[in-house]
Amino acid sequence: MSDSIKRCVVTGLGLVCALGDDAASCAASAFSGKSGIKDVESFDTANCYSHKGAEVALTDEQLCSEKYDRTTLLCIKAAGEALADSGIDLGNEDRTKIGVILGTCIGGAASIDKYYTDSFEGRPADKEDIKRMPASAIANNVAYHFGLDGITANIVNACAAGTMSLAGACDMIRAGKADVFVAGGCDSFSSLAYAGFHALHALSEDVCSPFNHSNGITIGEGSGVLIIESYEHAAARGAKIYCDVLGAGVSSDAYHITAPRPDGEGQMSAIRRAAFNSGVDLSEIDYINAHGTGTSKNDEAEFLSLRTLFGNRPDLAVSSTKSMNGHCLGAAGSIEAVLTIEAMNRGEVPPTTGYSSDDIEALREKSGGIGFVANDKQAKDVKLAMSNSFAFGGNNASIIFSKEPREIKNVRNTDPIYITGIGEVTGTKAEGASDFRADVSPEVFKQHEVKTAFLRKLDRFSELVLLSGIVALEDAGIKVDDTNADDIGIVIGTSDGPITEIVNFQKLVIEKGIENGSAFMFPNTVYNAAGGYLSIFTGIKGYNITVANGFQAGLQSVMNACEAIRRGDENVMLANGTDELTDIEAELYKNLGFTGNGKDTGVVLGEGSVTLILESSKAAAERGSKKYAQVAGYSIARHSAPYDEIGGTDEALVRAIEEAVSDAGIRAGDIKTVYGFANGIKSLDDVLDRAVSRIWKDGIEVKNVRSESGEARAASAALSLAKAAKEMDASEGDYSIAVSFGAGGIYSAIVLKKA
Amino acid sequence: MNEEIAAKIKKMLVERLRIPEDELEYDSELFGEDIGLDSIDSIEIIVGLEDLFGVDMSGSGKENFQSIRTLTQYVEEHKED
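Chains as they are written, first to last, in our numbering: chain W, 1 to 755; chain Z, 1001 to 1081.
Treat the hints with caution; some may be incorrect.
Example chain Z residues on the side facing chain W (calculated, C-beta under 10 Å, incomplete) [unchecked claim]:
id	residue
1	R1018
2	D1038
3	I1043
Since the hints were made in silico from the structure, they are not lab data. The beta carbon of each residue, even a glycine, is placed where N, CA and C say it ideally should be.
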């Protein structure tokens, strides 16, 4: 093990937002304090109390000639610029080592709006729009567009997603899973977000001005993309280097689904974690691009966090560029990262705009002696910069960039990781029913002491996640309290997220107008609400991310959770796979032509949630935990395919299995059972058969969980691993493997070892 | 108390805020531990009452939001026929 962790460097920048169509023009505006906020044009806001937005001037066709949801199109535009800026010659690269990781909040909301508006207005709904709905599609679309065959992920932690994705790229490069990442975030302007924040009265009537009058946010759209690569890879191709990405910190408030903790504890935890993981002292930070949304709750909590950690530092510059490009939600962190890196480059700091001379005086009093930058840019040699993002669900993320290389001590823990608890929520098939549905009635929750007052706020997706999370903690015998709350984290994996709540909210807006969104439902429309509720209910305050990436996200979450333990972020992780099934999803899958008999004509749908408790060997030993199995090795492999192509070639699956087996330090022959993913879609089932017979020429036992509880997507992927873990003791062999697939040509594999 | 208004308010709370009908009485403390409403829910109540009765409760005192009974009284007093 090397003494220091791999350097991750930024070699390309791409940006599109209301400030301009590329990084240079956006920076030119931002550093001259010019705002891109105007009256909204995407839809009619006549009946709303606010009319401001930060929209991108380019039409879908101008962004990219291909047919994707606008969120993807914005990202393709920014990613194209970033790749060109990096000078990388894709023709000369091993494309399996170039991944795509993106943050998004609303995903394909524009396509959901279009699909249901067509239905509502009596036009035939376009099947193609269904494929554009899920956030899961985005990174795979971008990878497919550029012909990249590396790992993909969509980080869907609302307004912290853009920052978390940059951190995720570095984590995977440092873990040796890729050389290069197209990393960033993207979100389009949407009636969903506008109506939601309008309903919450969180929109500013006029242009937002964070840390000032704090009357609310102005919503924006856009995409920021960074090319992040290992220093060795960048140096070998003679790339120009903008800066190093040092470390990041992720935490959860465990407080409220929309409001930040007033005491700023969660925010400060993320900032301290980022500094610790970067090996820097907070006193060294020169510039902070703040979250600074402009709501009173955010600004008050953030003022408090900054004053507490950085008070009386007039030399520390702080600003919120959201005053000029709006709050771009899942893209925000990535857009702000580009502007932060530009600040390093230029030796000047962009301002927060919209201040009168009286406002500036008031800011000075609130600032606690910190050098908040108002109205005009400030000359400053920025050597170390921090960018902060705080989200719905109480998710916080902080990341640090450095102009100079810094050595960061390698604390990677390679000790065994064990599965020490399992919570399974699966569906059953009622008589005469065509699919499997789970029981999430209040009575079930009462058995686990979940009160009505808490439960009633949850949508179905959140109920599923909460239930399996609680059951898993109970199974592992873990009680969360002040002594361990910061050492436990959560990774949720999903294919389709809380699509029912999203569609119901969108239908309401379509039928009753943008001014009539539901404040009650809106918080549940973000994919990470479920992980947020789980942390609020249990009190878990550590790492907390949600990955949307097709069915295999239920295994990808386990890999992400293992990596959080390996990095030393947490001792215990809850890794989860969840997908819900209501009549809304049943109809969408039927319209896509995916449903059938579960044998050879298509899938029988199901739903569920499976949470696995993963524990470091040290924590397991200290607790005397029972061990189902050891996670011995894992891998994800992709061979780019269109998002709607199911199956594709078996090449990527073979690669995922071979890499996972090698990661476990064994040979394929050591494995006794494969827990597969056959679900009745012939092309897909054939891929599994071909891959298995290529690797195990003499045959091997293959088990499937879908016949018992339906195609519950990410939940089925996690269930196959849970089943493998539970059957490990009775197995003749020492090893088994769970495999899964996701649309867009992505496959994953996890090897378990008898504990 | 106007029973008709109270019943409509109860129905609205059950639908908009997913409060189980059998756990909601006219005197249940809405923002207490059992029902557990918060600031987001109060926004929904304001919108719901505006929709149902054309009564604007924004900016009105906390005491009016205590229970279905107090909401009903407020509506009765401010409703224009």
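Cross-check of the supplied hints:
no. : hint  : result
1   : R1018 : holds, 4 Å
2   : D1038 : holds, 8 Å
3   : I1043 : holds, 4 Å
No hint from the list above goes unmet by this structure.
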